[in-house]
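Novice: Since the structure of chain A is already known, use the hints to place chain B on it.
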Amino acid sequence: MRRWRALLLRMAGLLGKNRPDSELDEELESHLSMHVADNLRSGMNPQEARRQALLKLGGMAQARELLRERNRLPRIESFIQDLRYATRMLRKNPGFTTVAVLTLAFGIGVNTAIFSVVNGVLLRPLPYADPGRLMWVFSNSQAFPESTTSPPDFRTLRERNTSFAGLSGFYGAFFNLTGTGQPERMLGSVVSAEYFSTLRVQPVLGRSFLPAEENWGSHRVMIVSHAFWRSHLNSNPDISGKSFNLDGEPYNIVGVMPAGFYTRNPLTQLWVPMAWKPNDNYNSHNNYFLNMVGRLKPGVSEQQANSDLNSIMLAIARQFPENKGIGAGLKPLHESLVGSARHALLVLLGAVGLVLLIACVNLANLLLARSAGRQKEIAVRSALGADRSRLLWQFLTESVLLSLLGGSLGLVLAYFSLSLLPLAENTLPLITQIHLDGWVLLFTLSVSVLTGVFFGLMPALQSSRARMLSDSLKEGGRTSEDSRGSHRLRSGLVVSEVALALVLLIGSGLALRSFQRLLGVDPGFAPSHVLTFEVNLPNAYDPVPDPTRIGAPPKVVAFYRDLLESIERIHGVKAAGATSSLPLQGESWGKFFTPLDRPLPTSIDNVEHVQYRPVAGHYFNALGIRLLKGRLLDEHDRADSTLSVVVNETLARKYWPDQDPIGKLVLLNPPQNLIPANLIPPGFHVPKLTVVGVVGDAHYGGLDKDPAPVVYASTEQHDYSMSPSFTVRSDGDPKALVSSIRSALAQIDKSLPLANVVTMEEIMSTSVAQPRLEAVLLTLFGGLAMLLAAVGIYGVMSYSVSQRTGEIGIRMALGANHGAILRMICTQGLRLTAVGLAGGLALALAVTRLMSNVLFGVSPTDPLTFFIIVVLLALVALLACYVPARRATRVDPLVALRNE
Amino acid sequence: MGERKDVWQGTLALMVLKTLETMGPLHGYGIARRIEQTSGDSLVVQYGTLYPALLKLEQEGYIASDWGVSENNRRARYYRLTRAGRKQVERETREWQETTAILARFLTTEKPS
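Protein sequences appear in the order of chains A and B. So the first sequence is numbered by this note's numbering: it starts at 200 and just counts up by one. So the second sequence is numbered by this note's numbering: it starts at 305 and just counts up by one.
Excised from the complex, chain A in its bound form:
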């Protein structure tokens, strides 16, 4: 209590609110005069009386100092003094200040920007209640690890599990929304009834789904996003009785979700309950398309849940043999959403950390050079009574002030660079979670302070050293020769700077090489001049699914045919076709594959799997997929002609390495005897298909993945897609075709929206967006590092030249020519660079291994990259030495010697 009172009073002293210094002095004076008077009385002479009194007081100045310290808070006062002094120093050297603040702003700015992304994506919890308990649940088998599940499996898991407080199934789907003028295609999510309660998010208006709404017939209700509510319902809080047509059927709106709610895709506009007709194929164990999310009960561990799920899956497999070998698994929802971005982000974070480290080294160098010029000032200050810690504090105040200035400018830079985030939309998950929030600000503040202490400490320790102080006073007005210690320190800084820059540059080099490799991959099609779009066919096109029918129902066949024919009639169109999903958009549709010229598999576990793509029209020509052998599928492959398939090169090589694949018979099912009898509809025989052609490998899974075996069949002869992607090859700008295609579609069915119109080139560019962003950013950081390193070398060499002016003058006076001087300076710089390069190489060999997860087609220790970068950095270093070396050759021996 009393202590606080005292502290408060002393703080008041900062504002001049307590006893003024003059009063303290007066008290001491009065003390002294009383003492002197006493001494005089005891017979001392006046001089001695005063001397004794002062002695007893311990010196007037010292006593005054002690008293003042007690009166106020000298530490804070001296801090304020330091701050004022530092501000003045920075203002006095605008050049130095600008360079330092800019260097720091870049260093701290990139760190803040990358950290805010890491914070939003990796660190920040998902925006749901108790997100750590939310799990991604998936089915697991040897052929399809961590894949989606089937509705019956999901329902059984939901019903029997004892581990989850809620387990919900969902999948994304597009809906054609009509009844509002222009038809629109909306991204929706089809979810089980407990979806929202599992996530613990409730609608802001209305209610969530009821269990009964999973029954076919009561399922026509929907919950809409906040954005939909604003755009389509004018934010009207009264939603009762409102309805919209989805795929031609009226759905009642029962709820509105809070703003910003989404799970996987922020563009999701609506949610509907999942329900199918009882005999629908969706309800079979054959259709794996459901995602699952579950909330673990309190106290249940992941392992417990895992064994719980798997024992249920085993029970299912005993009852349904087609489920044999299919288990289940789970992992934290956050982890599954972040996925591959984790590695990329960590690599970037490491890179910006290096940039900042290099910036620190540079600044330490700058400060060292500057403090050498301040030797006299420091010496005077210490002679006047400033002790070493006081000097240290003063230096640190200066450097931290600098770094805080740099940090605030860096924050501004980070703010603007985050506004570029939408460019990374397709490459980053959870992008809406990225903000400059309190954590980021705290990060920036701590990084700034740490940076300031880090780069300020070494020069401060160095220049406050006592020996140097006395030296520089003795040397008087002469420029002091650089002491050995500080020279070694400065050289060490340059070496470490070169080493760090090398590591970062090699990282950028590897990322660039990897990206170049990726672009060099032959996609297997010709992407230029190709327009693509999607159309969603409502269930009305396939009213009575008939499992025994060959190919698509007549209405779907007619739709494909009519649309493709009318598109091909448009002027400028060379070919048009359709498939289920386009290259570079993922391997989505797998099928069993049984070549009949080999021994048949004896168990369902041994049946092969391949990728399947139904095609319509002139798909191969439209995309430019090359025909290698045989013929392509065309309008003659109809339901009543021989069932034909085309395979890709990988498939042909895998199954018929030394034979001609043309004419081979295959099944796109297991052999009939391996299918459980209850799954075979009456009158259905597994169809045999004939291979009629081999085409080149188009990359479906992505340029960085080896092409999988693919079978193509005609939409009219085998499985078909109700949400096809169309491809149109034009002889000019493909985008110019959009309006003609839109009106062609409207003429066939005006309730169908044309969706997702993009060129194939755009799809290619999107598919490599993440590696491109990574390469661009790493190159940027690498360039920054190189620039900083060059500035560092330049600074040190310039300083060294200025220190050696006298020596150079003598050498020249003794007959050294320009070349010799040039060589001497450059050798000195290059020797440092070489040591740095060697250290950097060792470091890079150890560190780049961490990048292997984000590299494609290039080893993390790629010798060529290492070589090129070393040479590049050496050249830059040479240039940075050359400029000061040139200056050294212009030293006039006479002037130099006169200065001595």
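Among the hints, erroneous ones may be present.
[What the hints assert, rightly or not] Derived coverage of chain A by chain B (criterion: at least 3 residues anywhere in the stretch with Cβ under 8 Å from a Cβ of chain B; other residues may be distant):
1. 252 to 260
2. 265 to 272
3. 973 to 983
[As the list claims (entries may be wrong)] If the Cβ cut is set under 7 Å, some of the chain B residues that face chain A in the computed set are:
4. Tyr333
5. Tyr351
6. Gly352
7. Leu359
8. Lys360
9. Gln363
10. Gly365
11. Arg387
[Said to hold, decoys possible] Not the full set, but computed from the structure, chain B residues with beta-carbon under 8 Å of chain A:
12. Gly332
13. Thr353
14. Arg379
15. Ala380
16. Arg381
Derived from the structure by calculation, the hints contain no laboratory data. We put the CB at the ideal spot given by N, CA and C, even for glycine.
Specialist: Chain B alone, transformed into the frame defined by chain A:
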């Protein structure tokens, strides 16, 4: 070194308070002389440390001060005990006595006969 000084300052504070209690309002020089006299001149007060100690006690509210005129007509700052200061003297005296009593017992028992 810092610790020894603290103990010294602590005792100095008590001496100051006790002096003010017995003598009434007094200026710094007077306090110093009085302490030296009471201790039979076996204690030497570094006058330079006395004034910060006085200032500290004042900041803590145990004493208050005002300008006054000394016996030989000099302006001097006079210190007097406050109510809190009086209580503090009692408390500290008691504590000090307890401590010295314990220490005395401790030292006599430890001494080998």
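Novice: If a hint holds in the structure, say so; if it doesn't, say that too.
Specialist: Evaluation of the provided hints:
For a cut-off of 8 Å, the count of residues in the region 252 to 260 of chain A with a CB near a CB of chain B stands at 4, and the three-residue condition holds. Counting residues of the region 265 to 272 of chain A whose C-beta sits closer than 8 Å to any C-beta of chain B gives 5, which meets the bar of three, so the coverage hint holds. Requiring three or more residues with a Cβ within less than 8 Å of a Cβ of chain B, the coverage given for the region 973 to 983 of chain A is violated, as only 0 such residues are present. Because the closest C-beta pair between tyrosine 333/B and chain A is about 4 Å apart, less than 7 Å, the hint holds.
For the restraint placing tyrosine 351/B at the interface with chain A, the shortest Cβ-Cβ distance is roughly 5 Å, inside the 7 Å limit, so the hint holds. With a least beta-carbon distance of about 3 Å to chain A, the hint placing glycine 352/B at the interface is held under the 7 Å criterion. Against a cut-off of 7 Å between C-beta atoms, the interface hint on leucine 359/B holds, since the closest Cβ of chain A lies about 5 Å away. Look at lysine 360/B: its Cβ gets to within about 6 Å of chain A, closer than 7 Å, so that hint holds up.
Against a cut-off of 7 Å between C-beta atoms, the interface hint on glutamine 363/B holds, since the closest Cβ of chain A lies about 4 Å away. Checking glycine 365/B against chain A: minimum C-beta separation of about 6 Å stays under 7 Å; hint holds. Checking arginine 387/B against chain A by beta carbon gives a least distance of about 13 Å; that is not within 7 Å, so the hint is violated. A least Cβ separation of about 5 Å between glycine 332/B and chain A falls short of the 8 Å threshold, and the interface hint therefore holds.
At a threshold of 8 Å, the smallest CB-CB gap from threonine 353/B to chain A is about 7 Å, leaving the interface hint in force. With a cut of 8 Å, the hint placing arginine 379/B at the interface with chain A holds, because the nearest CB-to-CB distance is about 6 Å. At a threshold of 8 Å, the smallest CB-CB gap from alanine 380/B to chain A is about 5 Å, leaving the interface hint in force. Restraint check, arginine 381/B versus chain A: the minimum CB separation of about 5 Å is within 8 Å; hint holds.
Violated hints, in rising order: 3 and 11; the structure is consistent with all others.
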